[in-house]
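With the hints in hand, could you dock these two chains into one complex?
Protein chains in written order, with my numbering: chain P, 1 to 330; chain C, 1 to 309.
Worth double-checking, as some hints may not be accurate.
Straight line, CA to CA, 30 Å or less: simulated DSBU-like cross-link-like pairs of lysine-lysine [as the list claims (entries may be wrong)]:
1. P:K262 / C:K28
2. P:K322 / C:K149
3. C:K28 / P:K245
4. C:K149 / P:K305
5. C:K28 / P:K241
6. P:K245 / P:K193
7. P:K193 / P:K204
8. C:K149 / P:K245
9. P:K241 / P:K322
10. C:K149 / P:K242
In case anyone wonders, no lab produced these hints; they're calculated from the structure. Computed from a prediction, not measured in an experiment: that's the story for all the values here.
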Amino acid sequence: MIHYFRLIALSIAVMTMTLLIASCAQEQPGDKTRRIAFVFKVDGLLYSEVCKQGAEQAAKDLGIRVDYLAPDKAEVGKQIAIIEQLIAEKADAIIVSPNDADAIVPVIAKAMDAGIKVFTWDSDAPKSQRIFYVAAADDVQIGVDIADALAKQINGKGKVQIVSGGRGAANLNLHVTGMEKAFAKYRGITLVKPYIYNDDDNQKARSMAVAALQKDPDIVGFACANSPSAPAVGEAITSLKKIGKIGVWGLALPSETRSYLKSGAVSGLMLWDPAKLTAFTARAVNDYLDGKQPTDGAEVEGVGKITYKNGVLLIPGATITKNNVDQFDF
Amino acid sequence: MRRALRDARELPAVVLLVAAALWLLLSKPSFRSPGNLAVVGQDAGMLGLMACGETLVILTGGIDLSVASALAMSACLCGALIMAGTPWPAAAIAAIGLGLLAGWVNGALVTWRRLPPILVTLATLLLFRGITNILTGAAPYNLLPEAYKAIGRGGWPMLALVVVASVLSIGIGRSRFGRHLVASGGNESAARLSGIGVPSVLRRAYALSGMLAASAGLLMAAANGNAQWTLADGWELDVIAAVVIGGVRLTGGQGSVFGATVGALIIVILRNALFLSGVPTEQYGLVTGGVIVAAALSERWRSTAADRR
Numbered sequence: 001m002i003h004y005f006r007l008i009a010l011s012i013a014v015m016t017m018t019l020l021i022a023s024c025a026q027e028q029p030g031d032k033t034r035r036i037a038f039v040f041k042v043d044g045l046l047y048s049e050v051c052k053q054g055a056e057q058a059a060k061d062l063g064i065r066v067d068y069l070a071p072d073k074a075e076v077g078k079q080i081a082i083i084e085q086l087i088a089e090k091a092d093a094i095i096v097s098p099n100d101a102d103a104i105v106p107v108i109a110k111a112m113d114a115g116i117k118v119f120t121w122d123s124d125a126p127k128s129q130r131i132f133y134v135a136a137a138d139d140v141q142i143g144v145d146i147a148d149a150l151a152k153q154i155n156g157k158g159k160v161q162i163v164s165g166g167r168g169a170a171n172l173n174l175h176v177t178g179m180e181k182a183f184a185k186y187r188g189i190t191l192v193k194p195y196i197y198n199d200d201d202n203q204k205a206r207s208m209a210v211a212a213l214q215k216d217p218d219i220v221g222f223a224c225a226n227s228p229s230a231p232a233v234g235e236a237i238t239s240l241k242k243i244g245k246i247g248v249w250g251l252a253l254p255s256e257t258r259s260y261l262k263s264g265a266v267s268g269l270m271l272w273d274p275a276k277l278t279a280f281t282a283r284a285v286n287d288y289l290d291g292k293q294p295t296d297g298a299e300v301e302g303v304g305k306i307t308y309k310n311g312v313l314l315i316p317g318a319t320i321t322k323n324n325v326d327q328f329d330f
Numbered sequence: 001m002r003r004a005l006r007d008a009r010e011l012p013a014v015v016l017l018v019a020a021a022l023w024l025l026l027s028k029p030s031f032r033s034p035g036n037l038a039v040v041g042q043d044a045g046m047l048g049l050m051a052c053g054e055t056l057v058i059l060t061g062g063i064d065l066s067v068a069s070a071l072a073m074s075a076c077l078c079g080a081l082i083m084a085g086t087p088w089p090a091a092a093i094a095a096i097g098l099g100l101l102a103g104w105v106n107g108a109l110v111t112w113r114r115l116p117p118i119l120v121t122l123a124t125l126l127l128f129r130g131i132t133n134i135l136t137g138a139a140p141y142n143l144l145p146e147a148y149k150a151i152g153r154g155g156w157p158m159l160a161l162v163v164v165a166s167v168l169s170i171g172i173g174r175s176r177f178g179r180h181l182v183a184s185g186g187n188e189s190a191a192r193l194s195g196i197g198v199p200s201v202l203r204r205a206y207a208l209s210g211m212l213a214a215s216a217g218l219l220m221a222a223a224n225g226n227a228q229w230t231l232a233d234g235w236e237l238d239v240i241a242a243v244v245i246g247g248v249r250l251t252g253g254q255g256s257v258f259g260a261t262v263g264a265l266i267i268v269i270l271r272n273a274l275f276l277s278g279v280p281t282e283q284y285g286l287v288t289g290g291v292i293v294a295a296a297l298s299e300r301w302r303s304t305a306a307d308r309r
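Bound-form chain C, shown alone (with noise of 0.2 Å):
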């Protein structure tokens, strides 16, 4: 029993998360608010989404820089068409199928010749920020039908990452792609020798994560109505924070897509638990530090506690 509790790695959020919303729900009315709320869930919808996918990444030993960047390219192109006439889940699919060569490009890039990929991710950070910025002209897309924005409203973004966190946590169990993405991430010669086509489960893995970005591209557009070359600028740290504070083993192998949900609820509640006790902007920076510092010497115990066995 002890030992299970110890393994779990994503113990230490949980008990954070848990911890944090009993406290805010019991001593703070303007959490429990129906519009406070709904705001942090819509938050943590779209971080979670993203951080889903950059678990999948992560899990295989990469990283995946350029999540926000594919995030405002897919949703720029849905606006656009949207504002071109297009009816909206059509320009959503094809946000979607956006984001998902978006990804394909990052698999392709990293698997072919090997390249690192923290470097190519942050190549294509600046060339989908920079692509959407050209042909954009740094226009808005603002003129969005109230079915469409519907989607960023109310409770959307929460259930969307509820199903995917879901389907993703029961996936990378039950089927074969999920053992084989942790297993290329475990010992990836080891994997290349049990017959595994590690390139292939890469390119799927960073595919998925454009695909998520792209889809918490098409909620953060609606609920702000508006979709705009610089939304979500600056989001992929948050998002590797949140993967992090969930217990994802940065060098991959280890962690879980539930680990990284609740991260990213984490880190979207202590923020709007700041705001609301009136904490100056400027200081959130500390505590969210903190928390990464701490999620970092939490992993430490666990690790050296595992090689004492």
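In isolation and in its complexed conformation, chain P is listed as follows (with noise of 0.2 Å):
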């Protein structure tokens, strides 16, 4: 019994090893080469694997250094210690989307003072001395979007069920309040209250939303806030044999909406490519560096038309339905 246990210590340790060899192991390229770094909120999820794509892309691109960081918990304070690190090594730019938008504003100062230049995206720190802010049009936005693209699914009438993930998630609330404004426009439509929080967990979306169906029968369209929910209530309605009767609108990714949305379970999502953004962020950046500032107005190759104004640098998000899902491979 005692050697099984030495051999299973032993793999452990081992695989313990890798992974810690594996993670000190990215190469350092000359001194020379232009360094700009991203620091996003938290390590792990499938959304900041996406992002790092776009930030490696950027890489080859540009042919500058793209690092990107993330600690293993979404908090500032961690934040504040890699934004720290950076500024001992000099780094030319740094990237931030950070945890908490006025904890995070001391260490933007510093660094800014230590000479490297300091913007945000994906989410913002408005009363820092970041120099732009890049986002894919803005929460509240999207939130409108969702529920126009469902009102007019609908016809502007009947019961609409929102639902969203944790109650204290900003950028979720924020969502929220863009659907609330939208649906305000619509007599005929019905918010129903209270609305569902299923704090990210697929299982709780599905039957919540199984029995939101139940409680009120005639729901006629759910709009989505967070991303385990559209896939959930699309499952919901599948299994409910409710496809096409139940309008369904949210926030995604396509790899986990993409059998919904062929079905119909699922009538569509609003959303942005992160890859693109991240890319997108670092080409803006990189311009920057070289005394080139953002235009509004401009038309940009494989991003769209983006707006720059006060600071906030947007580029156009994108409806994914049944006809198009496949284009986007996250």
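Structure (structure tokens):
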């Protein structure tokens, strides 16, 4: 028995070592190369993995060093530590998606004082000295777009259930605000109260959607603010054999929703390509370091028409339906 | 008769469950609709399977915090194998094997140098989920065949729970392993002295817990049409709540798989009732918390009543 145990302990140790070595073994290009670093909220989300691919693509395209860093927990303190390290290493630019818009302000000031250009992307820190913020549409607008698409599908009348993840998530609450704002325009639409908060848990999201349709059988649409919800509601509608009778719009990754879009259980998604957003951010920052400011209204190849106002640089989002979902490989 | 009733640890839970179910069936048409009963059965089936495994571990005086992480790890293995072309029954068996292995690792760590179970399984809670996150790259496995997805639908999860709970209930009462399991948790040194191989009993209890968590994971991934590393994140607390509400003594030695099953049904049915009544989700914790306090108080009452005899 002891032998087995040693074997297991040994294999665990070997695995740990391999992971450590693999994570340390990133190549270190020469000192002359321009270096920009992305600091995301937390490691290990599919969204983050896709952003990272965009950063890697940008490094190749621009011929500069692009680092993609993220703490193991979504804590602003850990992001501050990463930025402190980047200041010490004299990176050329830092692009952060802060976990806390206020707590990040001092370390951004410190980096700017040290001559490092700081930007935000994905999430902003409006009170900081960051040079500009890059995002795809804005959080409220995404909610408005989801609500408008759903309202159009259901001809502006009937009961609609709003579904979200956690009650404290700032960006989700902004999506919900946008939805409320847009639905208010349609006299015929009533919002079911209370809204569903499913804690981003697939199983809860699905069973709550089924229960919602028992509680209010006349629901004609779901507006989903968090990414597990649209596929989970799609699964619920599939199991209840109500495909085509209920509109479902939301914000989710195509890979998680593709089969439901194709079956018609989910009507469509409003979103952006996180890889494209990240690659575009790297390009805009690289241009800025070269002395080129972004131009409002410019047509950017592969991205579309950008807007640049008051330090906020927006790229257009995309509507994804069964017709174009296969173009998105994330 | 009165004594027998007082000694039935599951009694308060059964009374609560029957009362709640009757009230809901009679007063809420939305509760008894087939679609709703199906999701209640599915949620309770998955939670109940984990609670049955947890009960085995808690009966030995231990605790298994890693069940939900073992669930996600096994479900992801199943999803990955299916999407790599493995027939789903083979993938399911491999996933159950991984759950068994994960549980066995817990048991081995607990018995080797007698490490505290809460510490060991807290570590594996983080390790199993972390490994799953890293190895899957957070990607979902969601192109699953209909034949596999069907096992998570309808009444299958509930049926699985009924079968497992019945087999375990009979097994614990009649098998040598079952008697040793209860004896190890009741009084470990007495169990050792009477020649019970306590370490091997413990390892088997943890292995069974991992295996049942994996089974719940197979059903959950099938029901959602998606295996992903975040599956059942945080469910270990619901599992422990179900076990405690079902009258299982948290320090070991007393309680039953039947009680834990009733506990799981209570948690799921109460939540469903609150949802159907339009109670906002942020208030659910108050109700579950209240039921746990009530369960703890009834346990206290029972033990003082027993002391007085």
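Okay, the hints, checked on the actual structure:
1. P:K262 / C:K28: Violated. K262 (chain P) to K28 (chain C) sits at ~35 Å, over the 30 Å cutoff.
2. P:K322 / C:K149: Holds, at about 22 Å.
3. C:K28 / P:K245: Distance ~25 Å between K28 (chain C) and K245 (chain P) Cα, so the pair holds.
4. C:K149 / P:K305: With a Cα-Cα distance of about 43 Å, the restraint between K149 (chain C) and K305 (chain P) is violated, given a limit of 30 Å.
5. C:K28 / P:K241: 23 Å, holds
6. P:K245 / P:K193: 21 Å, holds
7. P:K193 / P:K204: 18 Å, holds
8. C:K149 / P:K245: 22 Å, holds
9. P:K241 / P:K322: Holds, because 19 Å separates the two Cα atoms, which is no more than 30 Å.
10. C:K149 / P:K242: 17 Å, holds
Taken one by one, the earlier hints fail for this structure at numbers 1, 4, listed in ascending order.
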